[in-house]
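Asks: These protein sequence lines map, in sequence, to chains A and B. Start counting the first sequence at 29; every next residue gets the next number (my numbering). Start counting the second sequence at 11; every next residue gets the next number (my numbering).
Hints were generated in silico from the structure; no laboratory data involved. Note that the structure is a prediction, hence the values are computed from the model and not measured. Think of the CB as a built atom: it goes at the ideal place given N, C-alpha and C, for glycine as much as any other residue. Please note that the accuracy of each hint is not assured.
One-sided excerpt, in silico: chain A residues whose CB lies under 10 Å from chain B [as the list claims (entries may be wrong)]:
(1) Phe39
(2) Ser92
(3) Ile93
(4) Arg97
(5) Val99
(6) Leu102
(7) Asp106
(8) Pro115
(9) Leu120
(10) Lys232
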Amino acid sequence: MQQLKVTYFAFPGRAEPIRLALGVGGIDFEDCVLGPEAWEEMKPKVSPLQLPLLNVDGKTVSQSIAINRYVCKLAKVDGNPLYPQDPFEALLVDELVDKVSDGLDPLVPTWDIEDAKEREAKRAELMVKGGPIEKWAAHIDGELAKSTSGFALLDQLTMADLYIFTYVCFFRSGKLDGIPQDSFDHLSHLCLHREKIADIPQVKVYYNDKTFPAYACFKSSQASLH
Amino acid sequence: MPQLKLIYFPIPVRAEPARLALAVGGIQFEDSTVQFQDWGEMKARVDPLQLPLLEVDGKTVSQSMAIARYACRLAKLGGKPLYPEDPYQALLVDELVDKVGDFMAPIGATFMLEQKEKEAKRAEIVAKGGAVEKWVANIDSVLAESKSGFAVGDSLTMADLVVFLCVNGLRSGTMDGIPKDCLDHLAHIEKHRVTIANIPQVQNYYKDKEGPLYAPFKA
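Pulled out of the complex, with its shape left as it was, chain A reads as follows (with noise of 0.2 Å):
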């Protein structure tokens, strides 16, 4: 197996799905965490690079959904590769993934916004019923109404759970200033897919020692594994 290293920031953000597909498939890699030091150090030694990165045996690689295919073909569940093999079931995956990554574009814009109120204001409207994002989660709630398995695609989990899981819980973080924590609370399909990928065992297990604060809603709401 190669030697695999993850380079991003603490926070849930796109490095998330790629730590999570590691995590769950058992594969071993070093998780290297940057604080605002270590950013600031490598910032301009890696610009225009930006994070997440993988090193592939020393090699370094950008681009988070490549970066999360790539892992996702190497880590299985249950026997089962998180991405599929089968071209049309792979363009299913891809499909959704790239639907579902598009969710935090609206976003990025408001990190900029200095004055707490005006992103606040921002990201109120992008919330609201009708807005982008909630535009973006009622769509996606839709596609997981197709699903008698509960799983987004192909009644097994796949590299598009672990986006849609991941993406949903940072919007629920609460650690987005003007974002409740019950944003989607009115999207059923993707409370319930939630509650599914939380508490695949792997799943809680990888999430169960994590400290840092917006993690706490990735956690099963069961009791957790010891």
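Position chain B against the provided structure of chain A, taking the given hints into account.
Replies: For chain B alone, coordinates are given in the frame of chain A:
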């Protein structure tokens, strides 16, 4: 082989990597074009659908890069699929494809601007060291290192098609503020463009395509 129908406007842009892959691989597909005047009516019926769409044995799928990747899995040149089966090689292809998508996004944003501002913004991002030029220059240096002349590995991949599309879009002269010669100083980019354009299946695909958007793709 599944029954394939690709639905898009009669321009290269978002459907071209898939169309090219299918053409290179000699895979039959229905190239279904929607005229711009008909799109408004269609959009009212099928929101939130965005083009391109691919119908695979009657099942409709969206997302241009997902569609292109699928087409590249099916299509082979010289016996090698355009999307590598080896996960690490595929990672390198995906990385380059996504990088191109990222750095070309600011150009998409300029279409909304008022004329003077549009031209000024575009001129800035394609000037030497500008947001787009520096990334294309980066790909130029990757190509310089390539023994095969291809962007990743030793055969044609989705990465080559995406670079080819990006470069020809910038060279088309159809975007005010972006001069046709904006990439002429990048020798390996030009060499790559010529290599891809001269692949017989690519040459054949563009043979009957007319108009300024398609002209730069011809050998």
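Asks: State for each hint whether it applies.
Replies: The hints, checked one at a time:
Evaluation of the Phe39 of chain A hint against chain B yields a violated restraint, the C-beta minimum of about 21 Å exceeding 10 Å. At its closest, the beta carbon of Ser92 of chain A sits 8 Å from a beta carbon of chain B; the interface hint therefore holds under the 10 Å criterion. At about 6 Å, the closest approach between the beta carbon of Ile93 of chain A and any beta carbon in chain B falls short of 10 Å, and the interface hint on this residue holds. With its C-beta approaching chain B no nearer than about 6 Å, Arg97 of chain A sits inside the 10 Å limit, and its interface hint holds.
The interface hint given for Val99 of chain A is met, as the beta carbon of that residue sits about 9 Å from the closest beta carbon of chain B, less than 10 Å. At about 7 Å, the closest approach between the beta carbon of Leu102 of chain A and any beta carbon in chain B falls short of 10 Å, and the interface hint on this residue holds. At its closest, the beta carbon of Asp106 of chain A sits 20 Å from a beta carbon of chain B; the interface hint therefore is violated under the 10 Å criterion. Residue-level restraint check for Pro115 of chain A holds (minimum Cβ-Cβ distance to chain B is 4 Å; threshold 10 Å).
Checking Leu120 of chain A against chain B by beta carbon gives a least distance of about 7 Å; that is within 10 Å, so the hint holds. The interface hint given for Lys232 of chain A is violated, since its Cβ lies 27 Å from the closest Cβ of chain B, which is over the 10 Å cut-off.
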